Structure formats: structure tokens, C-alpha cells
Amino acid sequence: MDIEKSILEAIRLAETTIPEDVYKHLKMAYSMEENEISKSQLQSILDNVEYAREKQLPICQDTGTQTFFVDVGYDFPFKKELVNSIVNAVSKATQNYYIRPNAVDPFSGKNPGNNVGRFIPYINWFLRDGNDATINVLPKGGGSENASALAMLKPGEGIKGIKKFVIDQLVRAGANPCPPTIIGLGIGGGSDLSLIIAKRALLRPLGQRHEEKRIADLELELLDLANKTGVGTMGWGGKVSVLDVHIEYAYRHPASLPVGMVIQCWADRRSKVHIDSKGNVEVVQ
Amino acid sequence: MIYNLKIPDDLDKISGLRMGDVLYITGKVFTARDEAHQLMLELHEKGEKLPFDPSKMVLYHCGPVVKRENNEWKVLAAGPTTSSRMDLFEKEVIEIYGVRIIVGKGGMGDRTSEALKKVKGIYATYTGGAGALAAKSFKKVLSVYYLEELGSPEAIWIFEAENFGPLIVSIDPDGKNWNKLSRDEMEKRKKEIFELIDHEGN
Chain D
5 MDIEKSILEA IRLAETTIPE DVYKHLKMAY SMEENEISKS QLQSILDNVE YAREKQLPIC
65 QDTGTQTFFV DVGYDFPFKK ELVNSIVNAV SKATQNYYIR PNAVDPFSGK NPGNNVGRFI
125 PYINWFLRDG NDATINVLPK GGGSENASAL AMLKPGEGIK GIKKFVIDQL VRAGANPCPP
185 TIIGLGIGGG SDLSLIIAKR ALLRPLGQRH EEKRIADLEL ELLDLANKTG VGTMGWGGKV
245 SVLDVHIEYA YRHPASLPVG MVIQCWADRR SKVHIDSKGN VEVVQ
Chain C
2 MIYNLKIPDD LDKISGLRMG DVLYITGKVF TARDEAHQLM LELHEKGEKL PFDPSKMVLY
62 HCGPVVKREN NEWKVLAAGP TTSSRMDLFE KEVIEIYGVR IIVGKGGMGD RTSEALKKVK
122 GIYATYTGGA GALAAKSFKK VLSVYYLEEL GSPEAIWIFE AENFGPLIVS IDPDGKNWNK
182 LSRDEMEKRK KEIFELIDHE GN
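Those protein sequence lines, which keep their order, are chains D and C. Everything in the first sequence is counted per my numbering, starting at 5 for the first residue and increasing by one. Everything in the second sequence is counted per my numbering, starting at 2 for the first residue and increasing by one.
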């Protein structure tokens, strides 16, 4: 399989098949939830996930903004092909009805019909050691993206300030981002970096904790607080409002405490393409 | 209570619905998102008529994934979009076009619930993200309007629905609005959580 075809396949896979870790967490949410309406909503969610997987249909009609986090080794030989392959795969995925034409001119609203336009699809590059590359596919829905937020806290507000900001945003967002959601939190860096690492944190499978214990503990604490809000599934109330919290951090300016918050809907769609130095490709989830 | 409604035949029954009731709808549904709402209001201002009658259908906040196959449209995924964006236009759309059933997700605000109360209409929600499952109940695309101008997510699609649901009544004909009630409750909980945060050690 060539690179473009494998990216096309990864898009199709992400849009039709929910990752196993997300499926497990949705099932756990269903068994934990006691609120009757929220439980019925979780039932519809599970039915939908299973039906989409069986029939290979888009899980959600909002097939998202095609977002790619690409980790490239310094010695990876096919860097140029990557960009063209991603753009062509997105265009073909639209033609093949894997994804909805979801990219429009911000002023005129004109839809080119192929999900390709200025800066879109969005590709975020991360250079690292090695001679291989990994393309992380993250189709990001609009409803949850609209609930994103940035806080430029005073360093004196500290961790308590971060916690309050997260809870305040969750309550403000209510049912809109399709809860139970997943929270990506980027702490530190600057305004831009905090939001990018927040979105990047969403690539981590649900249930997997940050490698540093102090961050892992904060994730669990925030998850617990978030589930006290009573948002529930699709805003109908209950015990489960958030499936997981993933935090990433960067060093900050002494005068700033940026907190980027990116909310992902329950339809946390992801897939990956690995490419080795010989051009062998593998699509995984 | 669970209701199976045929639209437009059962339109007179909706004034008896209550918040929390569960609906399954059979009949005509038209999709409209931000752009379609805006267009409907513009056309009215210009004195132009719509090519369909919204008062005889369900207004559905949805931008579907549709496929053209053998000269026919097939609905692949058609879950709801976030309704609160349509709060900007919904009052006028209800008043001008006589819409009495709206379906979406996430809830709507006071402006919309007051307009619905006046016409004894309802707003109901379908599970957000359940696009493939929703598409199952849209058996046929009857027509599509403004596809060229608006693009497929924003165009007005008219579906023939069969047992579309479960939909949960979120604003009832008395103007009782779950969105408002739940927001008050969440604000209360937020204060309690803030107190927890303030009283902990770090």
C-alpha cells in the first residue's frame, strides 16, 4: 500500500470505527450511570457505535476538521510525499463519502467541496530522532471544538485556578460538546502552545495516565471533580460527564500561567499510519 | 410517556407533550443549520416563497453525510448539530413559518422557548453523535434545496422519516425548558465544587 492510500484508509477507519479504549469507556459509563435519560442516551451511543462499525458508516455526520499530528524522524526519507499524500487523501476521502465537505471560506461561507483550503487540512509537525514517521489522524468535530477555551491565569492562581477554570468551562459548555467528553489540557507554554499540546494530549488512549506521577494525579483529581458537575450524557444529568482528562505541559514564562482546554466529544475518533524508512506502511488504531 | 407521532397528521397532539416525554416520529423532516435559517429569513424579507411548507414538517438541526448513488441520494449519517447556534434565528423562523416541532441537540435558550410557547410547539433532542443510527430512520431523500449555494452540510434536505427517535422533549409547549433548569442545577454544583477546591491543601 502506498502512503496516500494508507492515509485514506486511516481516515476511513477513524470515521467508522471507534477505538477500543473509547468503546470500553463508553460501556463502563453505561454500567455506572444511574440517571435514566442519560443511560438511554448512552444506549443509543453504543448502538450507534456498533451499527457504524458493522456497516462501515460514519459514526457521526460531523466528520470533523481533518487534523494530523505527524511525528517525523530527522532521517525519514519521504517528508515531501507526506504533505501531498495527506492533502490528496483528504480530498479523496471526501469524494468517497468517508467525510462530509466540512471546510468553508471563513468570510463567504463558500464550500469548495473537498475539505481542502488555506491551512486546511491542518498538519502539526513534530520532529524527533529516527528514520520513520507516524501520522496521527484526529478528525475533530465542531460542536466540541466550539467549547475550547484559553485562560491566561496569573501564576498566583496556581493549580486551584486551573481546576476552577476547567470546571467553569465544562459547566458553560453543558450539553453542547456531546458529553461524556474527554478533556485535553495544556498547561504552560504560551497561548498558542498551551492549546496545541492540549489537542495533542487527546491522542493518548483513554485510561492511560501521564508518565509523571504529579501530572497523572492531577488528571485523576480533575476527572473526579469534572464528574461532580452533573452534566451527564448529552446534558441530561447523572454521574458520568467526562470519560477522561489528559494533561500535557510545557515550561512557562514566569509571569504567565496559560491553560489551553480542548474538549473532545464522546466520538473520540483516532487512527494512525506508521511508515518506516523503506516506505512500508501500516494502518493501526 | 412514549409517543409515536405521524407528521403532519398528529400535529394537533403536540400541545399535550411534556418535558421528558419520548417521541418517535414518522413523516417529513427538513434539515436546516445556520445558513439555511439565515436564508429562510432573507427570502421572507424579499417576499419570496419557500419551495416547501415548514409548518407541515419537523425542523431538524442537521448537516447530513449524503451519497449520490444510481441517481438517488442516500443518507449515510444524520445526527443532530448543536442547536444553540440557531437561537439567533429560531424565534423569527417559528413566527414566520409556523414551525412547531424542532429537533436538535444540546438545548436552546429562552428566546426560542418563548416563541415555542406561543405556538404550543416543542423542541426535542436526539443523541448527539449518533449519526449512523439516525440515518437508519431516514428512508428516503424527498428533495434537496439550495445545494449549489450552500453546500451539502448547510443545504435544506427533506427526508422521509420512519420512527425517528428516541427523541426527548427538552422544551415543552408550556415553555418549560430542560436546558435552563439543568443550567441552574449545574451552577449550584459548580459553587460546591469551587468550595471543595478552595478548602483543599495545596
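In short, the hints are calculated from the structure, not lab data. The structure presented is a predicted model; accordingly, all values stated were derived computationally and were not measured. Backbone N, C-alpha and C define an ideal beta-carbon position, used for all residues, glycine too. Incorrect hints may have been included.
As the list claims (entries may be wrong) - Some chain C residues close to chain D (C-beta under 8 angstroms, calculated; not the full set):
no., residue
1, 7
2, 9
3, 77
4, 110
Said to hold, decoys possible - Residues of chain D placed beyond 12 angstroms of chain C at every Cβ, according to the derived structure:
no., residue
5, 50
6, 176
7, 278
Taking the hints in turn, this is what the structure says about them:
1. 7: With Cβ-Cβ at 22 angstroms, over 8 angstroms, it is violated.
2. 9: Where the cut-off is 8 angstroms and the nearest Cβ of chain D is about 25 angstroms from residue 9 (chain C), the hint is violated.
3. 77: holds (5 angstroms)
4. 110: violated (11 angstroms)
5. 50: violated (10 angstroms)
6. 176: violated (9 angstroms)
7. 278: holds (28 angstroms)
The earlier numbered hints that this structure contradicts are 1, 2, 4, 5 and 6.
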